[in-house]
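Asker: As given, the protein sequences belong to chains A and B, one line each in that order. In terms of our numbering, the first sequence opens at residue 40 and continues consecutively. In terms of our numbering, the second sequence opens at residue 40 and continues consecutively.
Hints are computed from structural coordinates only; laboratory data are not their basis. For clarity, every value in this text was computed on a predicted model and none was experimentally measured. Do not rely on the hints blindly, as some may be mistaken.
For identical chains, the list gives no copy identity; a pair is met inside one copy or between any two copies.
Unchecked claim - Within a straight-line C-alpha distance of at most 25 Å, the following computed DMTMM-like cross-link-like pairs (lysine to aspartate or glutamate) qualify: (1) Lys286 / Asp200; (2) Lys286 / Asp66; (3) Lys93 / Glu82; (4) Lys286 / Glu112; (5) Lys88 / Glu316; (6) Lys88 / Asp136.
Protein chains: 2
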Amino acid sequence: MTTVPVSLTDVRELVDGALRAAVGRLDPRTYRVAAYHLGWTDEEGRPRKTPAGKALRPALALLSARAGLAPPESALPGAVAVELTHAFSLLHDDIMDGDRTRRHRPAAWTVFGEASAILAGDALLALAVEVLLEAPGQGSARAARALTATTRRLITGQALDMDFETRRQISVDECLAMASDKTAALLACSCSIGAVLDGAPESLSDALDAFGADLGIAFQLVDDLLGIWGDPATTGKPALSDLRSRKMSLPIVAALNADRPEAALLAELYARPDLAEDDLEQVAALVEAAGGRAWAEMEAESRIQRAAEHLVSARLPEPVRAEFLHIADFVTRRDH
Amino acid sequence: MTTVPVSLTDVRELVDGALRAAVGRLDPRTYRVAAYHLGWTDEEGRPRKTPAGKALRPALALLSARAGLAPPESALPGAVAVELTHAFSLLHDDIMDGDRTRRHRPAAWTVFGEASAILAGDALLALAVEVLLEAPGQGSARAARALTATTRRLITGQALDMDFETRRQISVDECLAMASDKTAALLACSCSIGAVLDGAPESLSDALDAFGADLGIAFQLVDDLLGIWGDPATTGKPALSDLRSRKMSLPIVAALNADRPEAALLAELYARPDLAEDDLEQVAALVEAAGGRAWAEMEAESRIQRAAEHLVSARLPEPVRAEFLHIADFVTRRDH
Chain A
40 MTTVPVSLTD VRELVDGALR AAVGRLDPRT YRVAAYHLGW TDEEGRPRKT PAGKALRPAL
100 ALLSARAGLA PPESALPGAV AVELTHAFSL LHDDIMDGDR TRRHRPAAWT VFGEASAILA
160 GDALLALAVE VLLEAPGQGS ARAARALTAT TRRLITGQAL DMDFETRRQI SVDECLAMAS
220 DKTAALLACS CSIGAVLDGA PESLSDALDA FGADLGIAFQ LVDDLLGIWG DPATTGKPAL
280 SDLRSRKMSL PIVAALNADR PEAALLAELY ARPDLAEDDL EQVAALVEAA GGRAWAEMEA
340 ESRIQRAAEH LVSARLPEPV RAEFLHIADF VTRRDH
Chain B
40 MTTVPVSLTD VRELVDGALR AAVGRLDPRT YRVAAYHLGW TDEEGRPRKT PAGKALRPAL
100 ALLSARAGLA PPESALPGAV AVELTHAFSL LHDDIMDGDR TRRHRPAAWT VFGEASAILA
160 GDALLALAVE VLLEAPGQGS ARAARALTAT TRRLITGQAL DMDFETRRQI SVDECLAMAS
220 DKTAALLACS CSIGAVLDGA PESLSDALDA FGADLGIAFQ LVDDLLGIWG DPATTGKPAL
280 SDLRSRKMSL PIVAALNADR PEAALLAELY ARPDLAEDDL EQVAALVEAA GGRAWAEMEA
340 ESRIQRAAEH LVSARLPEPV RAEFLHIADF VTRRDH
């Protein structure tokens with residue numbers, strides 16, 4: 040099992056208090072849903088010990104403050120805001136996609152009902168912007184503007200993703216555009232928000248944003264690979280889960296668009312309404328045979344390389360650059 | 040039929056262009072849902088001629104700029120933002136409450152599905168903040184902060200409203216607190232956002248906010264009266280609609296808490312799971328006999344008076360004060 044980089048565990052403690060303080064401002068009914076969704080409490084509102092999530096976005100946010108030579112704490116409102124935005128999008132996505140499981144537990148909407156889950160998501164979204172606007176310093180409004188623009192990209196990506204479910208033909212470029220909005224935009228925002236809060240020049244925040252955008256595509260590619268070939272014990276999702284739900288993820292779309300005989304066979308099989316559990320292994324084998332797996336692995340590597348190049352042009356302090364690269368490495372090698 | 044004040048129709052044209060420009064920035068799938076919900080298009084995306092809504096909040100927003108001696112156009116981003124926030128909350132509330140009709144038409148979620156309606160609401164919320172943060176001038180971040188705080192109050196009010204549905208005993212104070220969050224907060228924000236955008240002193244923006252808060256409670260009381268005794272031809276809702284859905288609106292809660300024999304009879308009847316269509320007239324008569332109707336009418340009048348007093352203390356230019364009062368009068372005398 041891959042280990043979480045040290046900076047990620049450090050961050051979790053630093054951000055946890057600020058995140059709890061922010062969410063603690065919600066009314067009790069909304070808080071209950073949010074606290075469950077964030078993994079802090081169980082269905083009955085009792086505290087849980089297991090830490091939730093990877094805290095990847097907050098780690099990137101704090102690191103981005105250091106990129107501009109500011110102390111990591113100065114980016115705390117940014118770290119909280121990106122994590123709240125991430126939580127909002129997962130909460131609403133689970134309802135929209137009808138996903139009943141999130142991080143090995145029943146999704147919040149299955150526990151509290153759709154209405155309360157919609158409302159809690161709304162609250163987290165509003166709170167994210169509020170926290171940023173309350174941040175001291177001149178960069179606060181600029182950071183809030185970046186976050187709302189990012190949120191709208193998340194929404195565009197989700198709209199495109201839902202549209203894919205009604206379509207047969209999707210190009211690799213369309214799928215990359217979707218991932219760029221739905222996944223990469225928030226990672227890009229996380230990688231630059233600390234610098235933006237600190238009032239860093241645009242040349243620096245743009246370079247960090249570009250790093251995060253490529254990192255984000257790599258992240259999605261790895262996620263998609265795990266969605267087919269990941270180990271259920273570590274991913275928390277059933278084996279072959281993306282195939283079972285007929286997801287149009289990047290390796291699958293790449294395989295479907297490949298100029299190979301396996302692509303046609305895959306398309307025929309994947310379109311069958313009566314695709315049986317036993318056929319899923321064959322679908323996975325066809326995605327691999329059509330080159331979808333190899334393409335996704337190579338594309339992820341190449342995105343990570345491109346991401347690293349943006350850091351070079353940003354002329355970061357060496358320890359900060361090393362930490363960004365360490366997280367990038369973690370993202371591509373993770374098993375969950 | 041009551042007529043719409045002149046300033047409200049003027050506003051509609053001024054704001055309409057800015058609102059369409061903002062919503063036009065959404066991706067095409069999300070735009071389709073938003074444009075239908077805003078009354079601009081039909082189910083097929085074809086333009087409609089009927090203007091939608093009362094544009095009450097934008098009118099107040101533009102007027103609030105004039106309160107600080109700024110030109111009304113300077114509050115356009117504020118007017119757009121409060122209308123987008125209002126649209127967001129109606130869109131999500133209809134899903135949460137299972138309301139299938141909105142302004143004489145099928146609610147957006149019944150046409151486009153819940154998932155698309157959730158997403159479109161999210162987009163309108165994010166867009167509202169974005170529009171404010173893009174506004175020129177120093178007041179932009181302060182206005183955005185006021186709007187996100189208001190949005191969280193809308194959410195608290197909706198959470199409380201949903202909680203009411205599971206309870207038998209609700210006090211008038213609780214019901215007023217709910218209306219204060221769910222309805223009055225956004226009207227209060229609308230009444231002050233133009234002044235805030237203009238960088239007006241807090242004493243002025245606070246007074247305008249207080250005016251809007253009392254106006255908002257009056258607005259809700261009138262809404263609740265129309266929900267029982269309104270004419271279906273003008274309200275667009277079936278007769279006695281709030282009784283049919285067992286809503287715990289202000290006149291009903293006041294009647295239930297009255298120290299009169301009719302209150303007990305009303306409570307007994309209202310709690311019946313098999314309340315028939317024929318019994319609704321009797322319920323309405325009991326709300327009236329227990330004093331719920333008279334209380335709501337008097338409370339609305341008294342709130343309007345209190346609202347007017349806040350304007351006196353704000354020392355507004357006389358024409359601006361007259362227009363605020365004109366709108367307040369419209370709110371209490373409207374029939375839909």
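Asker: Take the hints in turn and mark each one as holding or not.
Answerer: Structure-based check of all given hints:
no., hint, verdict
1, Lys286 / Asp200, "within (9 Å within a copy, 37 Å between copies)"
2, Lys286 / Asp66, "between (36 Å within a copy, 22 Å between copies)"
3, Lys93 / Glu82, "within (21 Å within a copy, 42 Å between copies)"
4, Lys286 / Glu112, "neither (39 Å within a copy, 47 Å between copies)"
5, Lys88 / Glu316, "neither (35 Å within a copy, 52 Å between copies)"
6, Lys88 / Asp136, "neither (28 Å within a copy, 35 Å between copies)"
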